[in-house]
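Using the hints, position chain B against chain A.
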Amino acid sequence: MATKHEGHHQSLKVYFWVWLWLFILSACSYFVDISDLPDMVKWVCITIFMLLKAGLIMAIFMHMQLERWSMNLVVLAPPIVLMVALAIFALEANYTLSSRLQFFAN
Amino acid sequence: MTESTNHPATLKPGAKGMVEDWSSDQRVFKNVSWGKSMMWIFLLSDIFVFAVFLLGYMVARISATEPWPDASEVFALTAFGVHVPLLLIAIMTFVLITSSATMALAVKYAYERNRRMTVIMLLATVVLGASFLGMQVFEWFKLIEDGVRPWGNPWGAPQFGAAFFLITGFHGTHVTIGVIMLIVLTVKVYRGSLEREEGGFLTGRKGRYEMVEIGGLYWHFVDLVWVFIFAFFYLW
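Heads up: the sequence lines are chains A and B, in that order. Going left to right, the first sequence walks through residues 1 to 106 as the working numbering numbers them. Going left to right, the second sequence walks through residues 1 to 236 as the working numbering numbers them.
Isolated chain A, as found in the complex (with noise of 0.2 Å):
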């Protein structure tokens, strides 16, 4: 599908896919939101769909997947520190939420 020369060439076909892609997985994560699921299993469908988006949007439509790796590597590589950040404030909120329900719930 993909050749590698300068340009970008990716076909028509693929565009509407990703689109016709793009569109099914908002409307399920849509549908699963307002759907009856217990909480935990809501959050992990709306995430992995979220993911999938990011994903086909920037493989495809950001030619990410024509780009040579040392470009990817530049831009996919830092957001990893992103996730400890998420852990460590994760952690601390918690730890906040706990010493204010301790100290100043009424």
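These aren't lab readings, by the way, just hints derived from the structure by calculation. None of the values given here were measured: they were computed from a predicted structure. Mixed in with the good hints there might be a few duds.
[Claimed, not checked] Straight-line distance between alpha carbons at most 30 Å, and here's what the computed BS3-like set of lysine-lysine pairs gives:
hint, chain 1, residue 1, chain 2, residue 2
1, B, LYS206, B, LYS30
2, B, LYS188, B, LYS36
3, B, LYS188, B, LYS30
4, B, LYS12, B, LYS30
5, A, LYS13, B, LYS36
6, B, LYS188, A, LYS13
7, A, LYS13, B, LYS30
8, B, LYS142, A, LYS42
9, B, LYS12, A, LYS13
10, B, LYS12, B, LYS36
11, B, LYS36, B, LYS16
12, B, LYS206, B, LYS188
13, B, LYS16, B, LYS30
14, B, LYS142, B, LYS36
Coordinates of chain B only, in the frame set by chain A:
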């Protein structure tokens, strides 16, 4: 080392190519113009800006002792007598995804030197982007009318308003800048400035069709950020 190492035919793909690129004692980004690599690096910085906003929102939401307002109900609309949760947000999401698809097609046609189709696709992207903005303005008006302020709201945790206005406001600003950029780009393609390699009025850089792709990267990024806002702010 000569120019020959930069020639597409001698570049290895995949992980091996990555190691060679980084250890070549030359510029790392082979075959990537500085305009495109700078756009990617700018987008990386923007990823961090939005990520920090979303992390701040997460901390506020976890540590709030009052219940967080239910987004499904806050953003519900009544259409034709039916109560639909998140109706406007769903439409906005669809509009932005479609604008991203038309932008991708504009890039494709630009590389095929199909000026007419490029202009049509860019115009479609502009119209969709502007209608997204219109809906966001409507949403803000409705919430302000309902009594949402950055320091409080009628339903629960006061941090809700601050997070909402900051995150959607910053995203909306990005969309606005994107729409302006796309209008400029459309004019350039329409009058053939890219084909004739005319200098721009601001920087005087020569027009190239790659500009459509670089502009497209920014626009797709705006869509990408919305994917995360949609999931974290509206659905979670």
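Starting from the hint list further up, note which numbers the structure goes against and sort them upward. 14
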